[in-house]
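Okay, here's what each chain looks like letter by letter:
There are 2 protein chains.
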Amino acid sequence: MVSLDGRAGGIRGAERRQARRAQALPPAQSEPLKLAELNDHIGYFLRRLQVALFKDFIRTLAPVDVRPAQYSILILIAANPGRSQAAIGRALGIERARLARMLHELERRKWIERRAAAGDGRSHALFLTAAGDKALARIKALTARHEAQMVELIGSKRRMLLLELLREFG
Amino acid sequence: MVSLDGRAGGIRGAERRQARRAQALPPAQSEPLKLAELNDHIGYFLRRLQVALFKDFIRTLAPVDVRPAQYSILILIAANPGRSQAAIGRALGIERARLARMLHELERRKWIERRAAAGDGRSHALFLTAAGDKALARIKALTARHEAQMVELIGSKRRMLLLELLREFG
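Chains as they are written, first to last, in our numbering: chain A, 1 to 170; chain B, 1 to 170.
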């Protein structure tokens with residue numbers, strides 16, 4: 001398990017490889033668990049690292065109480081003012097009902113506003129408010145700290161390599 | 001967005017790069033959204049690929065109604081019979097209450113059993129039942145299909161590279 005704060009939370013790669021090489025032993029509760037088939041599932045490892053990153057993000061952004069999906073929405077609205085709820089949802093792969101709840105929460109905090117889109121009464125164009133703009137500056141400072149912690153964890157070169165590989169599917 | 005079934009669900013890497021090179025244009029609802037700062041967040045891309053993989057996993061394993069975390073638990077119990085609930089939870093990073101609910105569900109399906117651990121009445125040793133063993137064979141056949149689909153999506157070489165990189169943090 002990825003340990004962001006230096007305390008071991010589980011099994012590290014090297015120990016696991018060692019465990020796989022070892023003979024079958026009687027089960028001692030202190031022995032690292034065999035990951036068996038999980039070792040070949042990319043989804044398993046993707047999920048582990050993603051959970052570790054999100055935990056660090058949530059912890060680092062606790063002062064502003066912003067979670068990863070909220071952050072993504074704010075960034076997209078700031079960079080694409082006036083776009084529709086549907087466009088934001090499609091771009092982020094957030095399903096309609098969940099997005100509606102999240103936008104409602106961001107409106108409640110007075111960070112975004114919805115205006116009826118010209119020519120389509122059912123659609124809403126999304127904008128950041130001045131307060132949202134100000135909040136985003138503070139949020140970005142905290143996400144920069146989170147990213148610096150991620151470079152620390154992953155290593156600068158490995159982070160770039162992963163980013164390159166993953167962007168192909170983004 | 002990763003499109004597993006060939007239907008475009010969002011913006012592909014190449015289009016996005018093109019969009020970034022383009023001049024600022026008046027917002028047309030058909031224009032791809034700028035990802036802006038999200039382009040530099042590894043967590044964003046990890047999450048996107050992880051969600052796509054999990055969706056495919058859930059869809060492919062629908063005939064047996066097994067989700068990724070349930071699968072991980074079954075694999076670990078099969079490979080490490082007699083280990084405690086706490087050890088499984090630690091290895092997978094699943095918090096106690098959620099793991100208890102999931103184990104309860106697997107017991108209800110008669111795939112696993114909990115036996116009081118020798119020397120510790122509060123602890124339970126986990127085992128697969130004969131029915132669980134049989135179910136796991138079917139489940140493994142379906143996960144092999146899922147992995148084949150992932151090789152199709154990601155590419156065999158890129159999958160290995162990602163797996164190597166991600167395992168370091170697993």
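Derived from the structure by calculation, the hints contain no laboratory data.
Certain hints may be false.
Same chains, same label: a pair holds when it works inside one copy or across any pair of copies.
[Said to hold, decoys possible] Distance condition first, Cα-Cα at most 20 angstroms in a straight line; then the derived SDA-like pairs of lysine to any residue:
hint, residue 1, residue 2
1, 110, 90
2, 134, 104
3, 157, 168
4, 110, 82
5, 110, 163
6, 140, 115
7, 134, 81
8, 157, 167
9, 55, 168
10, 110, 148
11, 55, 95
12, 140, 67
13, 140, 40
14, 140, 84
15, 157, 38
16, 55, 30
17, 157, 39
18, 110, 149
19, 140, 86
20, 134, 38
21, 140, 36
22, 55, 69
23, 55, 65
24, 157, 40
25, 55, 40
26, 157, 116
27, 110, 131
28, 110, 129
29, 55, 81
30, 134, 152
Since this is a predicted model, take the numbers as computed values, not measurements.
Each hint tested on the structure:
For the homomeric pair residue 110 and residue 90, neither the shortest alpha-carbon distance inside one copy (23 angstroms) nor that between copies (40 angstroms) is at most 20 angstroms. Proximity of residue 134 to residue 104 under the C-alpha cut-off of 20 angstroms is restricted to the intra-copy arrangement: shortest distance 19 angstroms within a copy versus 47 angstroms between copies. Taking CA atoms no more than 20 angstroms apart as the test, residue 157 paired with residue 168 passes in both settings, with 18 angstroms inside one copy and 14 angstroms between copies. Taking the closest pair of Cα atoms, residue 110 and residue 82 come within 20 angstroms of each other only inside a single copy of the chain (16 angstroms); across copies the shortest separation is 53 angstroms, beyond that limit.
In this assembly of identical chains, residue 110 and residue 163 lie within 20 angstroms of each other by CA distance neither inside one copy nor across copies; the values are 33 angstroms within and 42 angstroms between. For a Cα distance limit of 20 angstroms, the shortest separation of residue 140 from residue 115 qualifies neither inside one copy, at 25 angstroms, nor across copies, at 50 angstroms. In this assembly of identical chains, the alpha carbons of residue 134 and residue 81 lie at most 20 angstroms apart only when taken from the same copy (15 angstroms versus 54 angstroms across copies). Taking the shortest Cα distances, residue 157 and residue 167 sit within 20 angstroms of each other both inside one copy (15 angstroms) and across copies (16 angstroms).
For the identical chains of this complex, residue 55 and residue 168 are inter-copy neighbours only, at 18 angstroms across copies versus 24 angstroms inside a copy, given an alpha-carbon limit of 20 angstroms. Taking identical chains as interchangeable, the C-alpha atoms of residue 110 and residue 148 are never at most 20 angstroms apart, the minima being 29 angstroms within one chain and 46 angstroms between chains. Taking the shortest alpha-carbon separations for residue 55 and residue 95, only the inter-copy value of 13 angstroms comes in at or below 20 angstroms, while the best intra-copy value is 22 angstroms. Within a single copy, residue 140 and residue 67 get their C-alpha atoms as close as 13 angstroms, which meets the 20 angstroms cut-off; across copies the closest is 35 angstroms, which misses it.
For the homomeric pair residue 140 and residue 40, the shortest alpha-carbon distance between copies (12 angstroms) is at most 20 angstroms, but the shortest distance inside one copy (36 angstroms) is not. In this assembly of identical chains, residue 140 and residue 84 lie within 20 angstroms of each other by CA distance neither inside one copy nor across copies; the values are 23 angstroms within and 42 angstroms between. Taking the closest pair of Cα atoms, residue 157 and residue 38 come within 20 angstroms of each other only across two copies (19 angstroms); inside a single copy the shortest separation is 26 angstroms, beyond that limit. With identical chains, the CA atoms of residue 55 and residue 30 are never at most 20 angstroms apart, being 26 angstroms at best within one copy and 34 angstroms at best between copies.
For the homomeric pair residue 157 and residue 39, the shortest alpha-carbon distance between copies (16 angstroms) is at most 20 angstroms, but the shortest distance inside one copy (23 angstroms) is not. When the C-alpha separation of residue 110 and residue 149 is checked against a cutoff of 20 angstroms, the pair qualifies neither within a copy, at 30 angstroms, nor between copies, at 43 angstroms. For the homomeric pair residue 140 and residue 86, neither the shortest alpha-carbon distance inside one copy (25 angstroms) nor that between copies (37 angstroms) is at most 20 angstroms. For the homomeric pair residue 134 and residue 38, the shortest alpha-carbon distance between copies (18 angstroms) is at most 20 angstroms, but the shortest distance inside one copy (44 angstroms) is not.
Taking the closest pair of Cα atoms, residue 140 and residue 36 come within 20 angstroms of each other only across two copies (12 angstroms); inside a single copy the shortest separation is 40 angstroms, beyond that limit. Taking CA atoms no more than 20 angstroms apart as the test, residue 55 paired with residue 69 passes in both settings, with 13 angstroms inside one copy and 18 angstroms between copies. Taking the closest pair of Cα atoms, residue 55 and residue 65 come within 20 angstroms of each other only inside a single copy of the chain (13 angstroms); across copies the shortest separation is 28 angstroms, beyond that limit. Taking the shortest Cα distances, residue 157 and residue 40 sit within 20 angstroms of each other only across copies (14 angstroms), while inside one copy they are farther apart (24 angstroms).
For a Cα distance limit of 20 angstroms, the shortest separation of residue 55 from residue 40 across copies, 18 angstroms, qualifies, whereas the shortest one inside one copy, 24 angstroms, does not. When the C-alpha separation of residue 157 and residue 116 is checked against a cutoff of 20 angstroms, the pair qualifies neither within a copy, at 45 angstroms, nor between copies, at 48 angstroms. Taking identical chains as interchangeable, the C-alpha atoms of residue 110 and residue 131 lie at most 20 angstroms apart only when both belong to the same chain, with a minimum of 7 angstroms there against 54 angstroms between chains. When the C-alpha separation of residue 110 and residue 129 is checked against a cutoff of 20 angstroms, the pair qualifies only within one copy, where the shortest distance is 7 angstroms, while the shortest distance between copies is 54 angstroms.
When the C-alpha separation of residue 55 and residue 81 is checked against a cutoff of 20 angstroms, the pair qualifies neither within a copy, at 29 angstroms, nor between copies, at 30 angstroms. Taking the closest pair of Cα atoms, residue 134 and residue 152 never come within 20 angstroms of each other, the shortest separation being 28 angstroms inside a single copy and 44 angstroms across copies.
Hint violations for this structure: numbers 1, 5, 6, 10, 14, 16, 18, 19, 26, 29, 30, all remaining hints satisfied.
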